[in-house]
Amino acid sequence: MEQKHLVVVGDGMAGMSCVDQILKRKPNFKITVLSEETYYNYNRILLSCVLAGEKTVDEIYINTKAWYDEHGIELLLGVKAVDVDAKNKIVFTADNRQISYDLLLLATGSNPFIPPIAGIQKDGVVTYRNMADTEEIIKRCETAKHAVVIGGGLLGLEAARGTSSRGVHTTVVHIMDRLMDMQLDEVGGQFLKREIEKLGITVLLNANTAEIMGDSKVEGVSFKDGNAVKADMVVVACGIRPNVELGKKAGLKINRGIVVNDHMETSDPSIFAVGECVEHREKIYGLVAPLYDQGKVLAATITGDKGPVYEGSVLATKLKVMGIELFSAGDFKALDSDKEVVSYQDHAFGVYKKVVVYANWVVGTILIGDTSDANRLLEMIRKQEKVTDNRQHLLFQKPPAVAGSPSDVMSRPDTDTICGCIGVSKGQILSAIKEQSCKTVSQVKACTKASSGCGTCAGLVQDILVAALGSEFQEEKKDTLCACVPFPKEKLRTMIQTQKLKSVQDVLDIYGNGAGCSYCKPALSFIVDEVHCGDHKEDRSARFINDRVHANIQRDGTFSVIPRMHGGVTSPQQLRKIADVAEKYNVPMVKVTGSQRIDLLGIKKEDLPKVWADLDMKSGHAYAKAVRMVKSCVGTDFCRYGTQNSIATGIQLETLLEGLYTPGKVKMGVVGCPRNCAEATVKDIGLVGIEGGWQVVIGGAAGKVVRAADILTTVKTTEEALEAALLFFQYYRENGEYLERTYDFVERAGLEKIRRETILASEETKKGLLERLNKARAKAVDPWKEASKPVHPMQFKDFVLPKDAEALIGGLS
Amino acid sequence: MSADASMKWFRVASTRDIPEREGRRVEYGPHIAALFNLGTEYLAVENQCPHKSGPLADGIVAGKNVFCPLHNWKINLQNGCALSGGTGQVKTFPVKVSGSEIYLAFESAAYQACDLSAQAQESQTSNPVEG
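Protein chains in written order, with numbering that gives the first Met the number 0: chain A, 0 to 812; chain B, 0 to 130.
Any given hint could turn out to be false.
What the hints assert, rightly or not - Below are the DSS-like pairs computed for lysine-lysine, each with C-alpha atoms no more than 25 Å apart in a straight line: (1) A:K603 with A:K138; (2) A:K603 with B:K51; (3) A:K802 with B:K7; (4) B:K90 with A:K23; (5) A:K603 with A:K54; (6) B:K90 with A:K796; (7) A:K796 with B:K63; (8) B:K90 with A:K703; (9) B:K7 with A:K796; (10) A:K499 with A:K138; (11) B:K90 with A:K802; (12) A:K448 with A:K490.
Said to hold, decoys possible - Now the in silico label distances, taken between C-beta atoms and shown as ranges: (13) B:V96 with A:D345: 33 to 39 Å; (14) A:E471 with B:A112: 40 to 46 Å; (15) B:G85 with A:A514: 46 to 52 Å.
Unchecked claim - Not the full set, but computed from the structure, chain B residues with beta-carbon under 10 Å of chain A: (16) F9; (17) I17; (18) E40; (19) K63.
For the record, the hints were derived by calculation from the structure and aren't laboratory data.
These numbers were taken from a predicted model, which means no experiment stands behind them.
Note that the Cβ used here is the ideal one computed from N, Cα and C, for glycine as well.
Work out the full structure, taking the sequences as your base and the hints as a guide.
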């Protein structure tokens with residue numbers, strides 16, 4: 000068969016997914032893709048994650064250059080198609096190319112709708128639709144103080160969440176009486192408004208924008224009722240319109256979108272269209288799942304297979320705002336009297352569930368606060384299943400027969416869709432597990448693309464893996480905190496923050512199995528403390544024994560006591576006190592540690608408060624995931640080689656950071672010259688004195704792992720060196736995973752990224768890091784003060800009964 | 000635990016003496032127990048881990064289990080059996096609460112039957128813990 004030239008206009012999700020489907024059919028096509036944008040095909044749904052800082056641009060590419068090369072696709076980035084000569088089959092581009100085609104696929108997507116508001120052309124008004132918009136908003140967030148988002152729909156709320164999480168005070172203005180009015184009923188709108196407001200975002204409803212105020216730059220937004228709000232950035236998110244320009248020029252039949260039939264054919268036999276620019280049976284779809292379905296049918300049609308037809312899709316929407324779960328599908332309004340509504344509302348928990356039933360079928364649903372049943376309900380809508388048999392479990396699934404066993408996904412048929420975005424069935428996932436030996440969620444994702452869209456089906460994929468593999472199932476590395484609290488660590492931090500969960504038990508009760516384990520309880524203790532900058536509810540039972548009694552447990556159940564000696568400097572008075580304590584409590588071993596400290600070993604728990612009181616020194620935190628110590632060399636004070644005052648700087652660094660808890664222990668060193676006598680280059684944070692300045696080094700280790708530290712920066716003054724050390728310290732506190740030492744953290748995060756987000760970050764970002772550090776420091780108290788004020792009066796108590804203790808015999812009621 | 004009419008009950012502590020989800024060491028003659036407040040009930044086992052005699056009273060309580068503070072063995076407080084780390088068990092002590100007082104029958108300590116399938120299941124899912 001002769002080779003045909005397929006020209007695709009648009010490099011978006013619908014177009015490339017369709018091309019992917021076409022390739023699977025191995026036709027003899029030469030494919031050329033034109034894209035107005037300058038990025039490779041990326042996942043547009045995840046732009047909100049990029050905006051909110053939860054993902055980087057690199058993380059949302061679907062196909063990179065390698066994919067285009069591998070399939071011999073000619074990709075023309077930054078080339079805009081401006082005209083089509085349908086008669087002679089030629090596409091004209093803005094840079095004056097003429098590209099002939101045999102088959103033309105229009106995947107031109109949509110354009111943001113810009114309402115005719117006075118002043119909308121002013122500097123500071125941005126749209127939110129593509130990668131360039133997203134980067135523009137991120138850039139403006141660095142200096143903006145007040146953002147107004149016009150439009151309270153899906154995109155508007157995601158934009159608002161993004162600007163708000165970047166520290167910009169954000170107001171959402173919406174012309175309707177409720178947020179997401181296309182997807183929610185009145186009650187749902189109220190629930191969502193509360194959740195959005197909890198994120199610190201102001202919501203104005205029934206707000207009809209009159210004018211964007213300001214001279215040339217945006218200064219505010221005024222409304223028709225006379226009110227106004229201040230703003231230095233305005234994001235327009237008033238919906239989208241199909242981009243039909245090229246379709247018009249090609250002379251295609253256009254209504255609101257490019258009209259296609261069930262085979263995805265347009266009115267021209269050589270031209271096809273897919274995605275948001277398309278109108279099918281008078282409906283326009285703006286969400287990804289239907290577009291993928293269209294792509295599959297189009298791939299069949301264009302390769303000559305007239306079997307598959309597209310008959311429309313159920314509309315379903317998921318809001319991707321971290322900390323808010325929202326799902327809406329089908330006919331959720333139930334305006335007709337013959338539709339029944341089954342609903343549940345829990346205002347305190349922010350949970351709203353509504354299912355609309357018509358003649359025993361589920362036809363629509365709204366879920367807010369708990370969307371775990373979204374897939375199940377969507378499947379019921381799609382398949383028009385009767386609900387007679389399981390009606391009592393419509394809103395709440397029957398609990399599994401065995402506690403802790405996976406959800407009921409295994410009892411559902413293999414044809415059920417698991418990943419709604421990509422359209423992957425349970426059977427396809429099972430066969431990937433069986434035939435391609437997938438053992439983790441990301442392996443299944445690589446094999447089937449399941450969970451590569453919005454990602455919310457990852458839990459179901461995991462359930463299938465667990466059920467299919469049993470003990471062979473492999474937990475995703477470092478993905479979730481722990482089996483007890485099965486949420487990704489980053490997400491969990493956000494949830495703890497936005498839900499204001501202040502105690503470990505609250506987190507375990509709400510997001511976990513209620514019990515926890517010896518890993519997640521201390522981990523959560525650290526997280527609730529760090530996230531709330533010390534303003535948490537301390538629960539000692541969730542701490543490891545060392546952190547309950549502020550000493551290090553030894554193999555015989557006794558404890559070791561190491562007082563703090565800043566910079567490793569002590570005095571005759573301190574040494575005398577230590578000697579007295581050692582004698583008074585018969586301390587079996589007094590030892591000088593590798594950290595320039597003195598260790599009193601073999602102390603009984605009950606004696607700890609007395610020992611601390613007698614020592615009258617601060618805790619050295621040698622038992623905790625915390626700031627351990629700063630080791631120093633003698634430096635310019637005494638050493639003939641010294642170039643910097645390492646003792647004073649070491650003491651200063653230790654005093655600045657003492658008492659703070661960290662993901663893993665933090666050992667530090669300050670040396671006065673590159674001879675490195677106090678081994679600063681194998682410490683978590685080190686300052687190395689050089690002629691005329693300091694090197695600040697991070698991520699060193701000389702323990703289980705030996706790793707030479709990386710140079711974070713070289714600076715001239717001691718103040719600059721200390722600031723760089725503090726910036727990295729707080730950055731590690733906020734981004735390190737529990738038990739992750741800096742030597743792993745630096746490699747995982749990447750030195751360049753760490754530099755970019757600490758020493759090279761904007762003044763605003765640096766200020767934020769230091770402010771949060773100071774807030775935590777202000778809350779930090781010397782734990783050995785608990786000698787006189789224990790958290791619990793019996794914290795250090797053993798209960799020893801006298802030999803002649805009397806017993807009650809038998810009948811004790 | 001059968002209600003044995005000859006059991007000797009010793010008052011060991013008040014209910015408020017032990018914080019919720021924590022344990023305390025309780026000693027009477029040769030008997031050393033770890034007594035736990037689980038919020039809904041009090042349970043006691045021998046205070047030495049079957050592995051290397053670690054003080055279970057100082058462990059982290061998770062549901063009805065405690066993790067030994069030395070090497071993270073997981074011991075079920077209802078039957079004293081090791082669920083992860085290795086195999087082994089400790090005796091349990093009968094505990095009763097009367098009013099605000101906790102009583103322990105030191106001399107009635109006994110081994111309970113272990114559920115082997117629970118152990119097998121647990122051994123798949125234990126988490127790493129760094130010292």
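Holds or violated: K499 (chain A) with K138 (chain A), Cα cutoff 25 Å? violated, 29 Å
Hint check: K90 (chain B) vs K703 (chain A), CA-CA at most 25 Å. Holds or violated? violated, 37 Å
Are the Cα positions of K448 (chain A) and K490 (chain A) separated by 25 Å at most? holds, 22 Å
Agreement of K603 (chain A) and K54 (chain A) with the hint, judged by alpha carbon distance not exceeding 25 Å: violated, 49 Å
Satisfaction of the I17 (chain B) interface hint, Cβ to chain A closer than 10 Å: Nearest chain A Cβ about 7 Å off; hint holds.
Holds or violated: is the Cβ of K63 (chain B) closer than 10 Å to a Cβ in chain A? The hint holds - K63 (chain B) has a Cβ within 10 Å of chain A, the shortest such distance being about 8 Å.
Is the Cα-Cα distance between K603 (chain A) and K51 (chain B) 25 Å or less? holds, 18 Å
Proposed proximity, K796 (chain A) with K90 (chain B) (alpha carbon, max 25 Å): holds, 22 Å
Tell me if the straight-line CA distance from K7 (chain B) to K796 (chain A) falls inside 25 Å. Holds, because 24 Å separates the two Cα atoms, which is no more than 25 Å.
Cut-off 10 Å, beta-carbon criterion: hint that E40 (chain B) touches chain A: violated, 14 Å
With respect to the beta-carbon atoms only, verify the hint that V96 (chain B) and D345 (chain A) lie 33 to 39 Å apart. holds, 34 Å
K603 (chain A) paired with K138 (chain A) [C-alpha distance capped at 25 Å]: Status violated; Cα separation ~57 Å.
When held up to the earlier numbered hints, the structure conflicts with 1, 4, 5, 8, 10, 14, 15 and 18 and fits the remainder.
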